[in-house]
Structures are given as C-alpha cells and as structure tokens.
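Whole structure, please, built from the sequences with the hints as guidance.
Residue numbers (the working numbering), protein chains in the order written: chain L, 44 to 403; chain F, 44 to 403; chain W, 44 to 403; chain P, 44 to 403.
Mixed in with the good hints there might be a few duds.
Same chains, same names: a pair is fine if it fits in one copy or spans any two.
Each computed SDA-like pair below joins lysine to any residue, with the alpha-carbon atoms no more than 20 Å apart [as the list claims (entries may be wrong)]:
no. : residue 1 : residue 2
1   : Lys168    : Leu194
2   : Lys168    : Arg235
3   : Lys168    : Arg125
4   : Lys168    : Gln268
Please keep in mind that the hints were generated in silico from the structure rather than gathered at the bench.
Number of protein chains: 4
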Amino acid sequence: MWFASDNSGPAHPAVLDALVRANDGYSAGYGAEPAMARVTERIREQFEAPQAAVFLLGTGTAANALALACLCPPWAGVFCHRHAHVEEDECGAIGFYTGGASLVLVHGPDGRMEPGALAAAIARKGGAVHQIQRGAVSLTQATEAGAVHSLDHLRALADVARTHGLPVHMDGARFSNALVALDCAPAEMTWRAGVDVLSFGGAKNGMLGVEAVVFFDPARAWEFQLRRKRAGHLVSKHRYLSAQFEAYLADDLWRDMARTANARAARLAAGIAALPGGRLNHPTEANEVFAAFPRAAHRRALAAGAQYYLWSFDDPAGQTLDGPDAGPVSARLVCNWATTEAEVDGFLGVLRAEKITQRA
Amino acid sequence: MWFASDNSGPAHPAVLDALVRANDGYSAGYGAEPAMARVTERIREQFEAPQAAVFLLGTGTAANALALACLCPPWAGVFCHRHAHVEEDECGAIGFYTGGASLVLVHGPDGRMEPGALAAAIARKGGAVHQIQRGAVSLTQATEAGAVHSLDHLRALADVARTHGLPVHMDGARFSNALVALDCAPAEMTWRAGVDVLSFGGAKNGMLGVEAVVFFDPARAWEFQLRRKRAGHLVSKHRYLSAQFEAYLADDLWRDMARTANARAARLAAGIAALPGGRLNHPTEANEVFAAFPRAAHRRALAAGAQYYLWSFDDPAGQTLDGPDAGPVSARLVCNWATTEAEVDGFLGVLRAEKITQRA
Amino acid sequence: MWFASDNSGPAHPAVLDALVRANDGYSAGYGAEPAMARVTERIREQFEAPQAAVFLLGTGTAANALALACLCPPWAGVFCHRHAHVEEDECGAIGFYTGGASLVLVHGPDGRMEPGALAAAIARKGGAVHQIQRGAVSLTQATEAGAVHSLDHLRALADVARTHGLPVHMDGARFSNALVALDCAPAEMTWRAGVDVLSFGGAKNGMLGVEAVVFFDPARAWEFQLRRKRAGHLVSKHRYLSAQFEAYLADDLWRDMARTANARAARLAAGIAALPGGRLNHPTEANEVFAAFPRAAHRRALAAGAQYYLWSFDDPAGQTLDGPDAGPVSARLVCNWATTEAEVDGFLGVLRAEKITQRA
Amino acid sequence: MWFASDNSGPAHPAVLDALVRANDGYSAGYGAEPAMARVTERIREQFEAPQAAVFLLGTGTAANALALACLCPPWAGVFCHRHAHVEEDECGAIGFYTGGASLVLVHGPDGRMEPGALAAAIARKGGAVHQIQRGAVSLTQATEAGAVHSLDHLRALADVARTHGLPVHMDGARFSNALVALDCAPAEMTWRAGVDVLSFGGAKNGMLGVEAVVFFDPARAWEFQLRRKRAGHLVSKHRYLSAQFEAYLADDLWRDMARTANARAARLAAGIAALPGGRLNHPTEANEVFAAFPRAAHRRALAAGAQYYLWSFDDPAGQTLDGPDAGPVSARLVCNWATTEAEVDGFLGVLRAEKITQRA
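This is how it looks when you write it as structure tokens:
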C-alpha cells in the first residue's frame, strides 16, 4: 500500500534486464554509445519528428531547468502554473540554471493554466527595459494535480504563447500517463500542439532514473549539450541511460506501464469517492489521486502501513490528523506500473474499516 | 507641470554646489576620500547606530539587489509585496544578483504587505530540500502606491520575519518622504522596528544620483563591498557621491526637500479628490498621488504639456484615453522638492478647465 | 585493448548485482532509503570520521562543482593545477556552480602543484576589494597526469592552504587508485592531511555511475543538499546509487579493483618504457599511463583496434600520426579493474610488432 | 605630486560646467533626454560608424563586464592578457556578469598579447563539449602597462580572433590616451581594425564618472540594455551622464586632455630614465609610467608627500622600501589632464634630491 510517489516503486524488469545486458564489455560513453543513436531514432519515429534532438540525463529537475535555460534568457520570465513542479519542487532550479530568470505564476484549476490567465500574465510583462521580459511558457502534462490537458487546451495555451513569440516547454514527468489518457499520438500532444521542447519523463514510469529532453527544433542542441556538461549532467557511462530508454520504448512498454498506473489510480479514486465522507479534490485523469476522506480512515490506513502524503495545494501546511475524528483530510495517492489491484482494494478496504484478511 | 517621476526634477542647488566644491584638486577614491568618513559618521548619528556600515552607489536597483544578495542565499526567496519595485521595475535584478533567488509575492492594499499574508507566504516556503527556502523580507517605505507603513505596521512585519529568523530589508527609495510623513526618528523607522539593512534613497529626493546602503549590523560589510566591486558599482571618483550625500544630510536638507514634496502631493491629491469624477486610488501619504479623473481632464492636461503616467496596479495595460469622454482613468503623479504650489494649482486648474492665465 | 578511459569498462558484477537486488519492492527515495544510512556509516568508519556528512550523486563534475561551490564564494578563486579536471574537462562547471568564481592556475610537474607555486599564487590574490579573493584549494589525487601526491606533498599543500585560512577540496575521481598506491588509510590521505571535502570517485573504478561527496566537517551539509537539489542532482530513486556504493565498500571491493587497475597500468608502462623509442612522459603511479612511442607502433595498435587517446598536456593539439614514421607520439592509456594481463600483453605485442596469435 | 591614478584628479571645468547646466529644470531620464541623442550622434560621427549603438554608465568595470556578457556565453572563455584589468582589478566581474565564463590568460610583454600566443590559447580551447568554448577576445588599449598597441598589432590580434569567429572587445579605459599617441582616427583603432565593442573610458580622462559602451554592430543593443538595467547600471537622472559626455566630445576636449596627460608622462619617464639607478620597466606610450629607481629616491618622494604605488606586475607583493638603500624599487606613476609640468619637474627634483624651493 505504497502510494507516496510513483518514484517509490521498482524499475520494470525489462528495463533492469536491459541495463544488465548493457554492462557487457567496453563502450564509448557520453552518449556516443550505439544505443543512444537507437534511442534517438526511436524517439524520432514515435514522435514523427525526424529532426528532433534527443538528450538523456538523470533527473526531471535537471531536464526542466536545462531545457528552460535554453529557451528563456536571464532577464525574462517563464510563465507556468502556480503549482508547477518548477515552482514548488525544484528549490529554485530555474533561477539557478537560467542565471536569474523568474517564474511568473498563472492560476487555473487542477494544475492547468487558463488560456485567458496566461494571456493576461504575459500582457503584464515585457515592454520597457525596467520590466522582466517574456521568456517562455512551461506546461505540465499530466498536471501536478493529476489532471490532463486536452489537446484543445494544449493548443489554446500554445496559441497564446505563439501570439507573443514565446517558445513552449512541456514538463512531461508523467507524459506517458497523459498520453495514454488521451489515447493520442505523441506528436499530437507535443509539436503538433505547439510544444517546442519536451521533458520526457522516465523515472516516474518504471525506469531506474533517466529522463529525455526532446528538442523538436534542433537549433538549440549544441547549447543544450554545453549546459548539460557544465552542470555535471553529462554521464560518462551513458550506456546505462540509453539502455534503459531503449527498453522503455520497445514493445510499447512505456505505454503499458502508464496504462496500468492510470487504471490503478482510477480504481483508487472511484473507491475513495464512494466512501462515506470521501471526495475527490481534483479529477483523476492520470496516475495520481487527490482526495479527502475522514480522519478515522486516514488513521486506519497509516496504522496499517499505508504510505502517502497528506496534501492540499491550497493549504499545504494545514493537512493534519490532529483534531476531531469526523473531519475530512486531503491526501495525494500515486500509483505506478507495479501497483496491483489487490493493493488498491486492500487499501480501500482499510479505509472502509473492513477486516483485512491477507495482504502481501 | 512635470509629475512623471521624482527623478525628473533637478538636483537641489546645495547638493550641486557641494559636488562642484568637491572637484577641487586631488583625492583618494573608492570611498577612501575624507568626505565618505564624514557621511558614515553623520548617518550613524542620524540613525543612532554607531556600528552601522554605510556604502554609496549610483542607483536604487543596485542598492536593493546588492543588499538583498547579502541577505538571501541563491536557493531562497525574498518575500515582498507583489507591486514592490524589486518585482515590477528592476528587470529581474534580484535574481541576477542573488544567483537565482526568487521573489515570493505577498498581497496587501496600497503596497503594504498584510502581516498575516506575509506569515502565510513564509509558512508555504522552506522545510524540505525540494522547496525554495526562506531568505529575507523586503519592505518598501514609502510604498510603491504612495502609502506609508505606520511604525506599528513595520514592527508587525518585522516580527513575522524575526519569528522565522529572517532578516529584513527596507527599500527606502522614498525613505525621506516616509520619515517626515511619520515625523519620527530614523532609528524608529529602521533598526528599532526590526530593519537590518536599508536602501536609503537619494536620487528621488533632490540628489543627482546616489543612494546609500546602511547595514545596521556590519557583519556583512565586507561581503557587500566585494559584491559592489564585482558588480561595477564601486565608483573610482567616489568623492562626487560622498559630496552629494554630505550636503543632503546637512542642515536637514533631506527632510526639508521631502516635506516640500509631500506637501505638494497632498495639495495635488486634495485638488483631484475634489474634482467632479475625481477619486484617489490609494491614500496620498508621501509624495505620490494615485488617482483617477475624467478622460476629458486628462486630455486637457496632456494638451497643456503636463507630464505623468496613466497607471493602475491592477490593470497595468488598461489605462488609456481611448473611449468615451466621461469615464475616469487612473494615473500616477509624483511631486519632488522642486514642485511649486503654482505648478500644482496650475495643473488642477487645467483639470478643472479653468482658463490658464500665467504659468512659468 | 580498450585503454581510452577508465569509464569505458563495465561495472563490476558485484556492484551490478547489488543494484539489481535493490530493485525489489518499494522504497523511500532521495537518500532516505536505509542503504544510504549504511553507506554513510561505512564511509565514516573507513575514513575514521564519525561526523562526516556523505552525499551521493551521478557525476564527478557535479561532485567537484557542488563541493567547491560550498567552499568558495563567487568573488574568490579556487587554486588548482593548470591541468586539473575542473580546468580542462568540466566546461566551466566551477564558474557556473559558484556564481562566477575563478580558477587560479598553479604550475607543477605531473599534475601536482608545487607548494611554493601554490603559496605564490595565493599571495597574488586577495587583499583589496579590487582583486579576486582567496577561496579554496583543490587538489587532484591521483593527478590528471597519472601521478600520486605523497602524504608529505599533500600535507605541504594543505599547510599552505591553512596558512591562508583556505579550505581544501580533493578531487578524488581516482581516489581509490591513489589510496592503494600509497597503501595508507583513507584518513591519512584526507582529513588528517588537511582535506576538508572529498569528491570520492566511483564511476572510474567499477561502478555504473555514482560519486560520493564527503564533508569531514558537516557544517556545510545543509547548504550542499540545497545546492544539489536545485542543480537537479538529488536523485529520486536514490536506492540505485546507495546500493552501488554499499557494494563498492563491501569486502574491500573498491581497493581490490583499484589495485588491479594500477597493476595493469604498471605492466603497461614497463612494457612501453622498454620499447625501442618508448618513454614515459609522467610517472605511472596509479592506473593511467602517459607515454610516447613511435608512430609505427601507434599505427599498428590502432589498426589492431586498440582504443586510446593521443595526448600531451603541453601540446594538446599537436599529437598526430601524420608525418615521418620514426618520431615518437604521446598518448594516454588507462586501465581499469577489468583490464586483463592478456590485454596488456597483447597490446604490447602489437606495439612490438609481434605476431598476434590469439586475443579475446 | 599626485601620481597614484588618473582617477585621483579633478574633472575638467568644461565637463563640470556642462553638468551644472544640465541641472536646469525637468527632463526625461534613463537615456531618453535630448543630450543622449546628441552624444550618440557625436560618437557615430567621430567613429565614422553611423549604425553604432551607444550606452553610458558609471564605471569601467561595468562597461567591460556588460559588454563582454553580450559577447561571451557562460560556457566560454574570454581571451585576454594576463595583466588585463578584467583579470587583475575587477574582483571577478566577468565571471559574475557572464554567468560563469572564464578568463583565459595570454602572455606578452608590456600588457600586449602576442598574436601567436593568442592563437595558441584559442587553439587549446573549444572543440568537445568537455572544454570551455571560445568566447571572445578582449584587448586593452592603452595597455595596463602603459604601452599602446600599434594599428598593425591590433589588426593582427583581431585577425586571429576573426579566424576563429570570435568577437573582439576593447577595454578603452585609456582609449583617448592611446588614440592621441597613435594620432589616428577612432575608426582606425576600433572597427576598421576589427573591434566589435568598445569600452570608451571617461573617468580616467577628466570626467566625473561616465563611460560609454559602443557597439559597432547594434545587433546586441537590446540585450545590452536589459543587462544594464538588471545590473542597476541604468541611471535614472541620466542627463548628468550625457551632459558630461557631450562636453567631453566638444571642441576636441577629450583629445586635448589625453595629449596633456601623455606629454606629462613622457616628461616624467624621461626624467626618471635619466636618474642614476633609474630605468623604465615598460615603454611609456600613454599616460602611465612604470619605472624603477633607488630606494632613497622613493623615500624622499614619499616624505615630500608624493602619491603613487610601488608596483611590479611580475612581483606584485615584492615591491617594498624595506631593505638596503641602494636597490631600485618599481613603481607606477600616472599623469592626468591636470598634471602640470611644474609638478612633474618638482617630483623629479625630489628624486634627484634637489632642494625643493616652492611647490603648491
């Protein structure tokens, strides 16, 4: 019953096997190994983007910050949702990597910027030299609140960006989860919708720790490589990254894992919504459930060893189990490719105070 | 009728005379000239702060950014009002000087953070390593909306900062205007209220271009000097800065100029508030007037050569004279030491559509 | 015959097995997994440093740059050898991570700074505010030229640093190779000699990709964690790093691998030195051989598929196989734990133009 | 007898008068005042560069650093002489402003890089992603050692830069002194020789404190303005800068002042060279004298109140009056527009132990 994060679970055996096989013998490094060329080719195929430049590195924070540093000059702002990962969970990485650029926070429900709010935020910046200039737009797909932008929503946001000549970055830490949710082609959710650079997540979807950055226009590729190197994100024994990604993309493994995670989250969400005193705080459209349920249920779950975070975007410090039993408390619960139906059902049973018979 | 900014007016003759006198002969530079020691001594006396470290430089943006860079590490946030100069008018200087620190924006009417809103903003940051940490609090006195924090308000904000161990910076670009408005001692409005570092403005109050940074605790003085030097803000022929400041502080010139500017603003505000269709958008407590009045009055004023900005914090791009005549449009009008009663009255007369008989 | 780099070889099976085992089930991340506590404890024991703070990350460049950013303020210089990795191979990472600090280059044969040259370099910096200040000293052990500082040499350099109050960083990308070369305790080669922070290498000695940063004084530990996070070097699925390091330290694996690599390098060096026209450019004291031998021998080796770099520190662009056959050309050849005696002997045989009978 | 620096002397009365006149009435600021347009026009005429973009700011360090930040990306190096001001006297400003770029130091006598040494330094950088890339070349005219590059030398250096596609910056803190020494047109010494951006000094040649940055290709002008603003170097009451520069350029004042300063330095150099035990350490080609003379002469001069620095580039800490009387000690002596022949002759008399009769 481990729902703390999608990075708490194991890597998929196929990914691990590929990594073990990659250990054989000697190899060029730093991305010059043959597997990296295959990964690039495979991503180009999957995204129908024959010119795309593809780079691998170890964390999503690095992927986002390095990508945005290539898009946004130091004197400009990145427009993003006020609960975006770049704002809430990267300890100022964008400011560091860009040389002092700002995040300009935009509102909207469920982690999605409203196009009108984005347009208004952009209109307030730029112009005279005294102001922060307009740098880039960063979207998160799936959002930090577990929702997925529709293709129409993505295109509307990208249109606002394009109107102002701004490049668009997509934080796709949970790209795969969103993709299978929309059941669309990768190209539709990225460059055809107006996305210029993608942080294509891996660690949250069954890999040990590798993310890709995909530039649909390769003009910034050399700059990215220099920034990656001087940030210490160019890995010498790079074959272990490319081996993971190759396995990820083979036989649709990435989509299969995401489908499983999403299905588990849907099952979990439905179960919580059906609880007396249960409710969903945000729609469950990918693999994260944001929900509230009674304190007593929380206490039972935690006593039974369940792992998850008490969590409310609007009241981050306010979620606590202290206080009278009846009140609902908000939480975040995340599923991953390894989450089983039995775990979900067992957890729901605990919430409902059923007698637990057997859980592994 | 030039109300565009308090930096549009001339320097006071006493300041200019002092600068001319300072040109005589040879001198040590970089702050080693004798006048700088006198300026430091005089500021220490005026602020009842015998340990204070005092530095001069050329702009308020540099004063704010260098001071805050000494207080706030790169991975932290500066808590400030959402309309603070550091946010709206410095093109990201804080991000640049700190190495990527963030501004965390706090709400409150009239450019004053509400203590509760400040506390809530601080509570949302810090903690785990994933988050931006808590860096410093920056207040603006007088505020960007022409208001002045009461001593109680200042102390309440500083208390919130102190509770979290955060140092307090005061952007005092219009410090003198606020000081004479409160009619208090400089110490009361600064270190006794909890301020650690002050940007003590000069250019907006009758100097050619010099600001002081005052560290009430000199522990950061050497760091400040190094930051100032490598930023190119350590002036070689420094005597021209210290000469200005010495004249500023002599014979209460700084307070006298601020009193004049405030009185003119009060006269202007009263006149606009009394206009049919006129209203004040923010209280006029220092030398800036934020007011709305009918389009027709604007048109007359601008046709008569008046200089000021159409301005609304809440709708920065929305103030325009296009449209039907009757509607009110918001503006900012700023007085300085050289503003005369005749200029104010002449301007008001134009707004009232009086026949202008004679204006210099 | 792959001598291009010690990061070209495979990870040791024991390390890989540990990583595979670590994949089992769910785990806390970001260093909160139980294995990280064990790694810290084990390093403290090995280094006889019960207070040491230990952090893991993915690359040596990141380890060096993050460690030095904690030691050296932006307005200071890091004193290092002119051929140090931080100067030659990190694309300006120190400048990036420190916010603009400088590298001050110091001469000395075989990649070792001369203590007198270090003292002179330090004496030239610091003092007035116009100058770069004195920040930190960074040593490389083993050096980039394949040499090893004696304990006396280390202490002499650290003494110079201490005289000026400067902290000492050791780039230990090949720490293990140096340690077994000196056959001393880790404490002797680090904190007892005056080292404050160690980049403790792993990737070049049989791991997939993990380095430790060891702060012997933990005062900077929180700052390091914040810097690591905002640089995107805090890995979510951190168990894969700690598992590697735990295996590395178990059963003296790290020393055993380094001993093997060193022994192979010694064999290779002896063989080349004995060649007609062969000579060593630097002493072979760890696992790298810097040597020159005739062009014809190079051509035979490369034709036979050998992998290594033409290399001369003093003439980096000048090593080429163009030109008359007889002249010697300099090269770097690196051994790792997996290098076999047969590979070395086979390579030497090719250089000597022996008939190759059988090589795997 | 004040030879400490050319920024120790007064501003020229014509410059001061212009500044006083500029104080009259109200004015737009931030460079929008009419005088700035005239300064731009005048510089374009003087430099025969009708497209040049011109900006003013307060210090030479800021001029150099902001200009180079527009030319050199963070991951590259600026090639400059090892005694350049950017290396020796700006406390790491280039690292700060560029976001961590490096200075790559090049040797050559008298503060002039040798073209061959520059080419070799450039050849050592760039290429693979591991290396610092090639950013820009920065020349100093006149040099920090008081010499002046010939036009041929300038062109040779610029040719090396152009061969590698590198832009050329000229630190012209003493541009005027070099210009009159060569008796050439400003265009010849700048863009016709291959210079892309010039820091055109003022403070060292009779102004209170203003420098121009001249981009002969205006493509970077907007970036420069944003960088200047966020660095706090965009002055609000900008008319005081433009007024100075307008006076400077009028009636050849800038050249006249430089000619006087150079003539005084030549007189001083000749006098010292003729002393028993006197010698010049570098040729005196502009307004600085680098010379050695006996300790006893130094003692007499200092006792008589002369101001100058003991100075040797090769032994910066080693110049001291301690020790036996006879030995020569090196010094730097700088003349400015206000230096009189009487001062020079009086000083030489003191060195020669003549009886001083009357000095003002």
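Against the structure, the hints:
1. Lys168 to Leu194: neither (27 Å within a copy, 33 Å between copies)
2. Lys168 to Arg235: Neither, since 27 Å and 37 Å both go past 20 Å.
3. Lys168 to Arg125: Both: 16 Å inside a chain and 13 Å across chains, each within 20 Å.
4. Lys168 to Gln268: between (30 Å within a copy, 16 Å between copies)
In the structure shown, a violation is registered for the earlier hints numbered 1, 2, in ascending order.
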